[in-house]
Amino acid sequence: MKTLDLYIIRQFLTNFIMLFVVVMLLFVVVDFIVDVDEFVKAGQVHKDSWYGIPALATVGTIVDYYVPVVLLVYVFFNGLIVVGAMGFTIVGLQRKRELTAVIASGVSLYRVAAPVLIAGMVLSAVTLPVQEFILPPLAPKLVRPKSALSQPKKGLESKEVFFAQAGGGDLLSASRFDANRGELSGLHIIMRDETGTKHTEIKAESALWDDAQAAWVFNEGFAEKPLSQADAERATTRTKYPVESYATDLSPTVMLARRNALFASLLSIRTLEGLADNQAVSPAQRDKISQIISSRFSLMVLNVLLLVMALPFFLKRLPGDTLSSSLKAAGLCIGAWGGGLMMLQLSPGSLPVGGAALVAWLPVAMYLPVAAWLLQSVKT
33 MKTLDLYIIR QFLTNFIMLF VVVMLLFVVV DFIVDVDEFV KAGQVHKDSW YGIPALATVG
93 TIVDYYVPVV LLVYVFFNGL IVVGAMGFTI VGLQRKRELT AVIASGVSLY RVAAPVLIAG
153 MVLSAVTLPV QEFILPPLAP KLVRPKSALS QPKKGLESKE VFFAQAGGGD LLSASRFDAN
213 RGELSGLHII MRDETGTKHT EIKAESALWD DAQAAWVFNE GFAEKPLSQA DAERATTRTK
273 YPVESYATDL SPTVMLARRN ALFASLLSIR TLEGLADNQA VSPAQRDKIS QIISSRFSLM
333 VLNVLLLVMA LPFFLKRLPG DTLSSSLKAA GLCIGAWGGG LMMLQLSPGS LPVGGAALVA
393 WLPVAMYLPV AAWLLQSVKT
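Heads up, this note's numbering is the position in the sequence shown plus 32, with the first residue counted as 1.
Don't read these hints as lab results, they were simulated from the structure. These numbers were taken from a predicted model, which means no experiment stands behind them.
Estimated spans, in silico, between C-beta atoms of each pair:
#1 GLU226 x SER205: 20 to 26 Å
#2 ALA246 x ASP69: 38 to 44 Å
#3 LEU383 x THR35: 46 to 52 Å
#4 ILE366 x VAL158: 20 to 26 Å
#5 VAL158 x ASP37: 16 to 22 Å
#6 PHE59 x GLY138: 41 to 47 Å
Heads up, simulated BS3-like pairs for lysine-lysine below, C-alpha to C-alpha not over 27 Å straight-line:
#7 LYS348 x LYS411
#8 LYS79 x LYS178
#9 LYS34 x LYS348
#10 LYS348 x LYS360
#11 LYS191 x LYS79
Note that beta-carbon positions come from the ideal geometry of N, C-alpha and C, so glycine has one too.
Start from the sequences and build out the full structure, keeping to the hints where you can.
Spelled out as structure tokens, the structure:
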């Protein structure tokens, strides 16, 4: 049986790699054709870094942009690609009459499907370390628009910040937020007490985020307190005093997570847990973060369920109409995959009962009985 298992796994992995390459190439080519002008423009901007050759710079920009995208696409399309590889593997065994010979020797169809199912589970499990260790460092590249590729520094576009609220109620504004460097320019902070009354203003030309201090370190920063009513009547000028830093839970990561929902979904579980404990994050965002953490695991189970749901369409004792079976399996699995991803995007408060974990595991709860019923219907 070890020989049979290794043979089936080798065929399955070969089909998986071929299908993965074809799907990714198709995705990249179509997406590239739509925005080819952005890559050509970026090649002209960055040609000095590529020996003054615009064509070489364009190729480098394409690789720099699409390698992270391909990894992200793998995470979400893994289930469908595994199902496709399984279909090609079983159909290949049927066409060569190898499956018939195996059944004639007394081997159950469930036993034939076991190595495919185990290999599919391993490929689905690979998505977790990809999301934990590979995608988080690439998150800034994944959320940038193509228009940012032609900037002198390829990365996230700098944007203004308007009254971003910190955990203690302070309001932070800036004329420019450079997420690539963790820098704020034209900084203006309004510090407030528990009643929401302003008690201090801080202004600085720029500020850099320091992880060790969990603070914004100022360049030419100063603070001033508002005048009391008596001082205002005497037209007393406000006194200014220099400040070096501002300790806050409003880090660049929190600001990016607020600005872009995709960025939050690309962070590691450890970082997400830190965000969930951050007072600068709203309760609704904390629920969403809990949902993202749970969905990392539910997505893996969903991919395995798709494989289980598709297997009965191909596990036949006698060769038959493989085209009809393939179309039925494709329709069911694509619909279940799309429905599962849509359910994972629901807000935690969209259900009358339960919370973030229930929303994350809803696709699994719905598809598990379907997969079990289909699997037991196999005549073996």
